[in-house]
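Trainee: The primary structure of each chain is shown beneath.
There are 2 protein chains.
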Amino acid sequence: MSTREGAGRIAPFPKRLADAVAEKGGPVVVGLDPRPEWFPPDVLAEGRRACEDPREAVAWAVATFSRAVIDAVRDVAAAVKPQVAFFERYGWPGMRALEETIAYAKRQGLLVIVDGKRNDIGSTAAAYAQAYFGAAETSTPGRDDGPWTARIPSGLEADALTVNPYLGTDGVEPFLDACRRRGKGIFVLVRTSNPSGAELQRLALAGGGTAATVAEQVADLVVRWNEGMPTHDGYGPVGAVVGATVPEEARALRRRMPGVVFLVPGYGAQGAGAAEARAAFDERGRGALVNSAREILYAWRRERPDAPGTLDDFAAAARRAALRMRDELAAALGRGRG
Amino acid sequence: MSTREGAGRIAPFPKRLADAVAEKGGPVVVGLDPRPEWFPPDVLAEGRRACEDPREAVAWAVATFSRAVIDAVRDVAAAVKPQVAFFERYGWPGMRALEETIAYAKRQGLLVIVDGKRNDIGSTAAAYAQAYFGAAETSTPGRDDGPWTARIPSGLEADALTVNPYLGTDGVEPFLDACRRRGKGIFVLVRTSNPSGAELQRLALAGGGTAATVAEQVADLVVRWNEGMPTHDGYGPVGAVVGATVPEEARALRRRMPGVVFLVPGYGAQGAGAAEARAAFDERGRGALVNSAREILYAWRRERPDAPGTLDDFAAAARRAALRMRDELAAALGRGRG
Chain A
1 MSTREGAGRI APFPKRLADA VAEKGGPVVV GLDPRPEWFP PDVLAEGRRA
51 CEDPREAVAW AVATFSRAVI DAVRDVAAAV KPQVAFFERY GWPGMRALEE
101 TIAYAKRQGL LVIVDGKRND IGSTAAAYAQ AYFGAAETST PGRDDGPWTA
151 RIPSGLEADA LTVNPYLGTD GVEPFLDACR RRGKGIFVLV RTSNPSGAEL
201 QRLALAGGGT AATVAEQVAD LVVRWNEGMP THDGYGPVGA VVGATVPEEA
251 RALRRRMPGV VFLVPGYGAQ GAGAAEARAA FDERGRGALV NSAREILYAW
301 RRERPDAPGT LDDFAAAARR AALRMRDELA AALGRGRG
Chain B
1001 MSTREGAGRI APFPKRLADA VAEKGGPVVV GLDPRPEWFP PDVLAEGRRA
1051 CEDPREAVAW AVATFSRAVI DAVRDVAAAV KPQVAFFERY GWPGMRALEE
1101 TIAYAKRQGL LVIVDGKRND IGSTAAAYAQ AYFGAAETST PGRDDGPWTA
1151 RIPSGLEADA LTVNPYLGTD GVEPFLDACR RRGKGIFVLV RTSNPSGAEL
1201 QRLALAGGGT AATVAEQVAD LVVRWNEGMP THDGYGPVGA VVGATVPEEA
1251 RALRRRMPGV VFLVPGYGAQ GAGAAEARAA FDERGRGALV NSAREILYAW
1301 RRERPDAPGT LDDFAAAARR AALRMRDELA AALGRGRG
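Heads up: the protein sequence lines correspond to chains A and B, in order.
Going by the numbering used here, the residue at position 118 of the first sequence is 118; the numbering climbs one at a time, nothing skipped.
All you need for the numbering used here is the position in the second sequence, starting with 1, plus 1000.
Hints in this document: simulated from the structure, not taken from any laboratory.
Note that the coordinates shown come from a computational prediction; the quantities given were computed from them, not determined experimentally.
Hints may be right or wrong, so weigh each one.
[To be verified] DEER-style ranges, computed between Cβ atoms: (1) A:Ala204 / B:Asp1306: 50 to 58 angstroms; (2) A:Thr210 / B:Gly1209: 33 to 41 angstroms; (3) A:Arg180 / B:Arg1304: 36 to 44 angstroms; (4) A:Thr210 / B:Trp1148: 49 to 57 angstroms; (5) A:Ala204 / B:Arg1180: 30 to 38 angstroms; (6) B:Glu1283 / A:Lys106: 28 to 36 angstroms.
Backbone N, C-alpha and C fix where the C-beta goes; we use that ideal spot for every residue, glycine too.
Next comes chain A alone, as it looks inside the complex (with noise of 0.2 angstroms):
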């Protein structure tokens, strides 16, 4: 550990995200992806007693299922991932919802790794950065007002964020200062593990450079923006998603981003088990987190179809499919390696 992590400075990403995988036993990441249609009969029930208003019914329900989620699995997981779309989508209540589940999580020892694919340029960047790492200095010209308006927290800081790379170095510059400064962290996208991943991420380019594609030549990107950065254990705070679903591709990228921890997405639903993910890992098994959702969220569904199950029982198959998640991953990476 350096001296910048010391006296009142917060530690580097890494280390915090290195420090969650060995508590936890892992590096299992719930997403928090909150469908009320799938949800048990007696949250919704309860978040209409609770509510007038549908919108903030059902956004009371959100919060409410994500809490019962981050109980269940906060010894097992070493991150909870929001992803921002299922809050978003009830509007400002949802908004409040996810504010409400970011902080529960934080309060709970879990990291949180925001997935809001957020991108735009200059200033804008910074507003987002804003949003998700806290009351950053936007670094606009003519400012003149004093702090009042450019400290006010934003109520929805989490500890990293997902970043959409299309817009280049200028519109990741903002994240990446709070990288550097403030201990965050960003996992920009490289190869994403939905079938039309490939259309533009796989395009193959011509010229001289060592990148053979779009997602090479982005890889190469996220490596020099984690360079100069704060480091643990070889690892900066600049990730990279690269799903699960493609292990091949991901062995090769793994080799390109040395110091990069990839954020895999992909596990269960999408189709990819343990033994696809381990391709994201070094050979010590480290270097990566390893996403699932639905098949956490509503495991109860799978596990007993024909009841409807309530808050508890989601809960508690949840905590049971986390469980089982943090054994695969560990036997197809080597127990003990953590």
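Model the placement of chain B on the given structure of chain A, informed by the hints.
Mentor: Frame of chain A, contents of chain B only:
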């Protein structure tokens, strides 16, 4: 106009857009990038008096400032383009201010293009479509709750949304569905106006395809996504974001994407004028919208750098700047072509 538009069905987005451009006398879009650090002091002071909580106070000021700009430009602008980041950075009170701003702009007869650059895969993209295009069905299997959670409005329903293409077709499909069936429009990031935009967008492609760059490949996808959509005057609801700072590329992309409306940012503050923006239009002077944000919103600060100004001063200066922009564009496009 096809028969599909009759009998209570909403007209296709390109038809509504053409009507707005004709009515307002030009393709001016006013970008709503509310930066409290540049607001007149009176609106911030009033916000502080109206709300005890500083975050709600600044969100109040954001909504009030946005409303004043909308009032000032409603008969000059075809559309407003709220930039979500500048609302999201104040968390849920900021998103409530966005909801108020969208609703107010619609009531004042303005089309609303939400600049969110949203992107995700499959059912998550569907959740974003629900957020900004209303209560679309989420086409996910296993839903069993009946209509109430699936049909709750987000409060953020707009006419169009900017979308990032990095995830390919399946991340865009839920938005296309709303274009097809609900009269919505999208603007896909093709070639952005920021200095680093070229890093990925200008990468040269190998292989036998006709697209020479990533941006051209995205352009070809946009053309494909527009196929079979309801059209008006040759234009469909799937548009493209093409920066005015790269006019020679804009001209080539204009030829490459017939029937695709261009949304051109970068007018004014980002260094491009009417002559550069001209490249985005077809030979009739149609097929593009031009956005300006800070040059309009904060015009007072340029007019009178020595005077703090009131909200009324800012609104009057914004109106003058919008009228000037409309005149400049009309001159560049050939007056009367709208």
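Trainee: Give a verdict on every hint.
Mentor: Structure-based check of each hint:
no., hint, result
1, A:Ala204 / B:Asp1306: 50 to 58 angstroms, "holds (57 angstroms)"
2, A:Thr210 / B:Gly1209: 33 to 41 angstroms, "violated (22 angstroms)"
3, A:Arg180 / B:Arg1304: 36 to 44 angstroms, "holds (38 angstroms)"
4, A:Thr210 / B:Trp1148: 49 to 57 angstroms, "holds (54 angstroms)"
5, A:Ala204 / B:Arg1180: 30 to 38 angstroms, "holds (32 angstroms)"
6, B:Glu1283 / A:Lys106: 28 to 36 angstroms, "violated (57 angstroms)"
In the structure shown, a violation is registered for the earlier hints numbered 2 and 6, in ascending order.
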